[in-house]
Amino acid sequence: MDLQIQELSKIYPNGVQALKDVSIHIQQGMFGLLGPNGAGKSTLMRTIATLQSPDQGSLHFDGLDIQQDKMAVRKILGYLPQEFGVYPRMSAEKLLDYLARLKGVVGRQDRRRLIDYCLHVTNLTDVRKKAVSGYSGGMKQRFGIAQILLNNPKLIIVDEPTAGLDPAERQRFLNILREISTKSVVIFSTHIVDDIKDLCTDMAIMNQGSILYHAEPEQGIRSLEGQIFVQNTHRSQLQELERSHLVLSSSFNRDNSIQLRVLADQHPGEDFRPVAPTLEDVYFATLQHSSLS
Amino acid sequence: MFRTIFQFELSYWMRNPLLYGFSIILFGLSFLTMWGMSAEAHIGDNIVMMNSYYKINNMANMFALLLIFLLPAIIGHSVFRDYSSRFYTVFYSFPFTKTHYLGAKFLSAFCVVAIIVCLLTAGFMLGSIMPGVKDAAMLPFDILNYLHLILLFLLPNMLFFGSVVWALTLATRNMYISFIGVILMVIVQYFAKGVLGSSGLDLWAAVSDPTGDAAVAYVARYWTLEERNMNSLPISGVILYNRLFWLLISVLILGWSFLRFEFHQFASVKKSRKKATTDQPIPLRKVPQISLPDVAKDYSFANQLRTTWHLSAVNFRAIVFSWPFASILLAGGLLVLFQQYQMGPQEGVVSIPTTANMLRFPMFFFSAIVNLLTFLYAGVLVHKDRLYRMNSFVDISPQADWVSLLSKLLSLLKMQLVLLSLVMIGGIIAQLLAGYYRLEIGHYLFELYLLQGIHFFAWACLALSIHTVFKRMYWGYFVLILIPLGNIVLPSLGDYLGMNLLKEPLLQFNTVRDIFLGFDYSDFHGYGSQLTTYFSYKLYWFFCSILLLIIGLLFWVRGLSFRWQERWTLARSRYRGGFSYSLLIALVLFIGTGGFIYYQEHVVSKVFFSEQEMEAISAKNEQQYGQLEGMVQPILSDVKMTMDIYPETQDFVASGTFTYINKAESVIDTIILAKSFKEQTSCSIRQAHQLLMQDEYLQYEVIQLDKGLEQGDSLHIFLEVSNYPNNFLHHNSRVIANGTYLTHHILPRLGFKDILLRNQKARKKHGLPSREFSEQLPEDSSLLGYDNPANNMGLITYECVISTSLDQQALTMGKLKRSWQKNRRNYAHFQSDGPIVNTLSWLSGIYEEKSYSGPDQEVKLYRHPLQGKNDVHFFHGLRSSLAYCSTWFGPLKYDTIRVVEFPITEGTYATVHGNLMPYSESYFTCDIADEENAVFNMPFFVSAHEVAHCWWGHRLDPANVAGGRMITEGLANYIAMKATETAYDKELVLNLRKEYHEMYLEERARQSNETPLVHSSLENEFLNYRKASLAIYAMSEFLGETVYNQALAQFEESFRHTEPPFASALDFIAYMKSATPDSLQYLIHDLFETITLYDNRLNEVRLVESNGSYTTQLVLTASKYRADSKGKRSYGTAPLQTGDLQSLPLADYLDVGLYDEQDRLIEWKRVLVTNMTNTYSWTTSQAVHKVQIDPHYLLFDVNRSDDLWERDN
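Chains as they are written, first to last, in the numbering used here: chain H, 1 to 293; chain B, 1 to 1209.
Hints are computed from structural coordinates only; laboratory data are not their basis. The reader is advised that the hints may include incorrect statements.
[What the hints assert, rightly or not] When the alpha-carbon atoms are kept at most 30 Å apart in a straight line, the in silico DSS-like pairs for lysine-lysine are as follows:
| # | chain 1 | residue 1 | chain 2 | residue 2 |
| --- | --- | --- | --- | --- |
| 1 | B | 297 | B | 384 |
| 2 | H | 94 | B | 297 |
| 3 | H | 75 | B | 471 |
| 4 | B | 815 | B | 765 |
| 5 | B | 869 | H | 154 |
| 6 | B | 860 | B | 764 |
[Unchecked claim] Beyond 10 Å from chain B on every Cβ pair, some chain H residues (computed):
| # | residue |
| --- | --- |
| 7 | 4 |
| 8 | 9 |
| 9 | 278 |
Remember, it's a predicted structure, so these values are computed and weren't measured experimentally. A virtual CB, placed ideally from N, CA and C, is assigned to each residue, including glycine.
With the sequences and hints as input, model every part of the structure.
Next comes the structure, spelled out in C-alpha cells:
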C-alpha cells in the first residue's frame, strides 16, 4: 500500500507556484507533512484528495492513477480539510448517515451499526442527536474523524487538524489517527513539529511548493547528531553571532537572556555547548538550507 | 469611522461587476423601451403621450420590480459579506459604534440602489429625447416629472423593500431568507393590489399596497386618455397617505433592526447560549482501538439512483421544514385560497367553484411565485455545500456528478409539487366552503402534477444549469429573472424590428402556443385538443431541459477550480464517451422536435395561422383581390342541406344546395366565392358559367356567369364542406368529442374577404398604400341598402337533415320534423317554420333535455347532465322576456325555442340563430344565490337579452353601419333590465346600472376612442351594450315606460322585415324624438348625439327639525359638459360660470334622493335647473340622513362622491 507522486506542478491564476516538481513516495503508516504557512501543503493534500487538478505530474495510489480514476480513489479515501462546516440544524447522527450514504454504504442497518461505532470511537455518542453546528472545536474535529472512518479508508488525508485544539483534545485526536494508520496511509500536514515527532513513521518538509527533505523523523534527528550547539547570550551580541554562525532558532530565557541554537560541523567555540538535536532542529535546518541555496 | 466604512463600501461597489451588470440592464431596458415606443408611437386620434407622467410611472414601477428582486444582492449583501467571509469575528471587536457601522453600511448600499434607480429613470429621460422619436407623441421634456417619480415612488419603494431585506439579513445572517422576504412582500403587494382591488375594497387596496401602485390606480381609475396624458399624480389624498404610511413602516422596520442588533458572535444572543453543546472528555489514558464493523458498499448504478433519491429527500426536508419556506407556504396558500374563494366575479356574477376554476384562477400570479422560488432554491441547492463549507466531504465521495445534480433537481421538483399542492388544498377548501361537493381529485392531480409539473420541470432544469454555470448566486438569479422577461420582450422586439421569427413560441423558453399559464377546461370534453399542442411543445422543452442538465453537468463544480478557462478545460475533458453521445442525442431530439413542430404549425396545419401568417394573407388578399372590394353579390335566401357530425373521429361533412338572390338593382355576373380557410370546400353552380380563378392559398373562386343575374334572379350553388383531416400533432377540425358547436363560418361567403390590414405599420411592411379606415355612418343613406356589401342580411328559408353518433344528439334551427336512427347514428330533420335570419349553427353533444311550455311557445333546454343548477333561472328569464316583448311588441311566431349549451372552450357568449339559442357553458356554471336576489342574475339576464333579440335584431335588423348594434344590443339589455324589474325588483336593476355606470366610466377612460352613441362602431361593446342600455333606460324613465315602449313598438313595426333602406340609429332617434316632449329633447341630444357628462355637486346640506317635521335645505351646483373622443371637456360657446366651475347652458332635470337612517329612499325630487347654483328646501316627515343627486343612475357623472351628502353620527 503506497502513494507515488511524480513531478507534480501547479501554478495558480494569480501566478503563485503552489507545487514545484513534487515527487515523493509515501508508504503505509503515518506520514507527516511539515512546512510553514503557504508552503503548498494544502494544495498537495487537495490534489491527492481529487479536489484539484495539477498542471503537470502524476499520482498513483496502489497502482491506481488518481487523476484518471478519481472515483476508484474516492471509494477508499478519507479527507479532513483544514476548515469545514456542516449543514445547519442537522445532528451528528443525521449528517453521518448522509455522508455514509454518499460513501456508498447501502444497508440501513449497516449504516446504523457503522455510525454508532464511529460515534462511539470519537466519543460523540451522547451528543449524537445534537446539531453539529453547535459543537465545540474539539468535538467538531472528532466529528471530522468520525466521517473519515465511515468508508474504512485506505488513504487518509488530514490537513492541519490539531490547530486550535487544547492539549488534551490534541492528544486524543492524534491517538485516534495513530490507531487508524496501522492499516492505511495517513498523510497529515501540520506546522507543529511535536505532532510528528512521536507519531509519524515518515515525514517530509515542504516549502515554497517543493519537498525539501524526506526521511523518517529518527533518521533526521540522527543526521544532526553532534552538530547542534547552544549559547546563552545577550541581545546586544545577537546580530554579531547571527552573522558568524548558522542560527537555527533563538528564544528568550526567563532572565531575559537569549538562547541561540546553531548548526555547525565542528564545535563553534567555547561559549557554546553541544546538545542533542531535536526534530525542530531538523525542520529549521532544512528551511535554512533551502533559503541559503 | 462612519466615513471610513461608508467610503470603503462605496469603493467596494464601484469595483463590483454586479453593480454594472444591474445598471446596464436596467438602464438599457428603460432606455430602449422608451426610445422604441416613442419612435413607433401611433400617431392619430387617440394619441398616447409616451412620456406622460402617468405612463412613465407605470413603466418605471414595472421595471423597478426587477430591482426589488435584486435588493438582497445589494442591501443584504452589504452586511452579509461580513458574515460569509467570517470577517465579522474580527471586525465586530473594532472600536466603532453600531450607529456608525449600520448607518454606513445601509446608507452606502442604499446609495448604490439610488444610483441604479437614477440610471433607470435616466434611461426614460434619454430615450424620450433620442432622434427618431415622434414629437407628436411626446410632451415637452420636464425634469420635474422624473424627480417626482424618483422621490415619490421609486426611492420610497426601494426603502421599504430594502428595509425588509436589511432587517432579515441582520436578524438571520442568512442571505436567502431575505430573498424569501422579498417574495413574501411581493405576495403582500399583489394581495393588496390585485385581490383587495378586485373585491371592491379598492380604497383599502390603495392604502395597503406598499408600492403605491394601487393608490395610483385608484386615483386614476376614471381618467380619460386626455387626463392620463396631461395630469400628474397629486401628492395628496390616498397617494399621500399611502406614501406616508409605508415610509413610516420602513422607518419602523429599520429602527427595530437597529435596536435589535448587537456586535455579537451569533445572530441571536439568547438562542446561541442554548445551542452550545459540551460532552464528557475521553480519559486521556485510554488509547483507542478501532476495528470498524464490516459493512457492504455498493457503487452500482441502481444504488446511485437510490442514493440520489435519499439525498434529494434530505435536501427537500431542509427546504420545506424551515420557517422561511413555511411562511411562503402560508402566505402563498392564503393568497391562493383567497383568490379561489373570491374568483373575480364577472359583472357581479360569481362562478361555481368548479375544479377547473379552482385551478385556473390562482395560477396567473402563483406560477410566478413558483418560478421565483425555483430560481432561488435552485441557487441555494447548487451553492449549499460551498455555502456551509461541506463541499470537501461531498466532493470526495465516490458518487458520480450526476447523483448530486439529479438529487438537487429532484428536491427542487418535490418542492414545486408541494407548492402546487397548495392550489389543490386551497381549491378543495374553497369548494367545501362554498358548499360544492363535486371534488374531482383526479382532475386536480392531472393538471397540477402532470400538466403544470412538466411546465415547472423545465424551469427547474434551467435554473439548476444557470446556477451551475454562474459561480455567484446573484448572477444566476438575475439572469434567471431576465429569461421570463425575455419571453415577454422578445415578441414585441420582433414586432419592432420586423423579425417575425422572434415571435415564434419555440424560441421563448418553455412557452406553448396559445396556452398561457392556465388551461381551458370544459365538462363536455375536458381539455380537448389543446393537450395535443401542449404535450408536443412540452416534449420539445423537455429535450431542451435535458440538454440544459447535460450542460450543467459538464460545468458541474467539484473541488476547486478557479478561472473560466480552467472550467472550460474541465468541461471539455468531461465531454467524451457517454457525455458526448447523450449531449448529441438530446440536441438532435431537441432540434428535431422543434423542427417537426415548426413544420406542422407553419406548413402542414390548415387551421393554425400565426399573427404574421395572417397578416401576410390579409395583405395578399388586398393586393390580389382589392378590386373586388365593395362588389355587390347576391344574398342567401334558401338552404337545403345535410350535416353529418362524427364525434368519434371529430370530423364533419356538410352538403346541400344554397340559393342566393340578387337583391340589388345592378346586374351581377361575377360571383366571388370566399371559402373558409379552415375547411375543405367544393362547390358547383348549375347556371352556365366560367371559372375565372381558383385560388388555393387565399381560398377564392371567382366565377363568371354566362347570363348575369337581374334583380330578383336566383343562383343555386351546391356546396360540400368538410374539415381537413386531423393528425398527430394537430387538430384541424372544429368538431370536438362532445359539445360540437359549428357556425356558418364553415360556409363560403359571397364577396371580397373583409380581412383588411388596418394597422398602418403592417400595411407599410407589406407594401400596401396607407389608408384611412373610417366608420360607415348612418347619415350616408347610400349605405343603408343592398348596394352596401356590409348589409348581407336578409331572411332565408332553411331545411337540414343533421346526424351524429348514437350517444349524442344533434340540433340546428327550425322545427323538428322527424328523428330516426340509421347505421347506428342519430338523424334529425329540421325545417324553419318561416323565414329566419341567415346566421346558422349546428350542435352535437350528450345533453340532458329540460322543457317548459309557455302560453305561445315551448322552451327546451339542452345542457350538460351535471349542470342543471341554473335551469330555473334560464326558464324564468326566457319566460319573462317573452312575456314582456310579446306584450309590448307583438307575439313571436316560433312555436319552439331551443337553448343549447356549448363548451366554454368554444366561447363565453350566448347568441340567437332563428329559434336556436346557443349558450356558453360559462352561463351554466354561474353561481346564483337563490335565496337572496341581491346578486345580479346572469342566466336570467342573458336569457332575457337573447329573447329580446328575436325582436331587436331579427324582426328589426338595422343596417350594418355605425350605431346599428347600439340599437339592438342596447334595447336587448334594456328589455332584460325591464324583465328583471318585473321578475325581481327595481333595486336589483339599480345595482346593475351602478355596475354598468362604473364599467362605462372605466372603459371610456381606458379605450379613449369614444363616439356618441349614434356613431358607435359595430365592434364597440362598451358603448353598444353598456352605455346604450343606460341611455335607453334613462329615456324610458324620463318619458315613462308606456310612452317610450309604444314609440319603440312603432319603430319596430315600421321596419319589421322590410326591404331597404334598413333602419339606422337616425331612425331610432327620430322615433324617440317624436315621442319626447320639447322640455326633454335635450336628453336625446346629450345621451345619443353627443358625449355629455355632468359634474354635479352638493355644496351644502342643512337639516332643520321643527314639530316633528324635518326640513332639508341644500345647495346644489349643476354642471354639464361635452367630451370629445379623448375625453377633453368643452362647455359650448356661451358657458355658465361659477367660481372655477363652468357648465353648458342648463335647462335640465335632475333627481335628488332623500334617504333615512336605514338608507331607504324617503322620497326623491325631480328639479329643473337652469343655473349652476341652486338652493332647495324640502320638508319630510322623517329625518334625512343622506342626500344624493341622481339616485337612479340615469345620468353620467364621473365623480359621484361629491354628489352625495351623509349625516355624521
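Okay, the hints, checked on the actual structure:
1. 297/B to 384/B: Status holds; Cα separation ~26 Å.
2. 94/H to 297/B: 19 Å, holds
3. 75/H to 471/B: 28 Å, holds
4. 815/B to 765/B: Violated, because 51 Å separates the two Cα atoms, which is more than 30 Å.
5. 869/B to 154/H: 75 Å, violated
6. 860/B to 764/B: Violated, at about 52 Å.
7. 4: 20 Å, holds
8. 9: Since the minimum Cβ distance to chain B is about 15 Å, residue 9/H lies beyond 10 Å and the statement holds.
9. 278: Holds, because the least Cβ-Cβ distance between residue 278/H and chain B comes to about 24 Å, which exceeds 10 Å.
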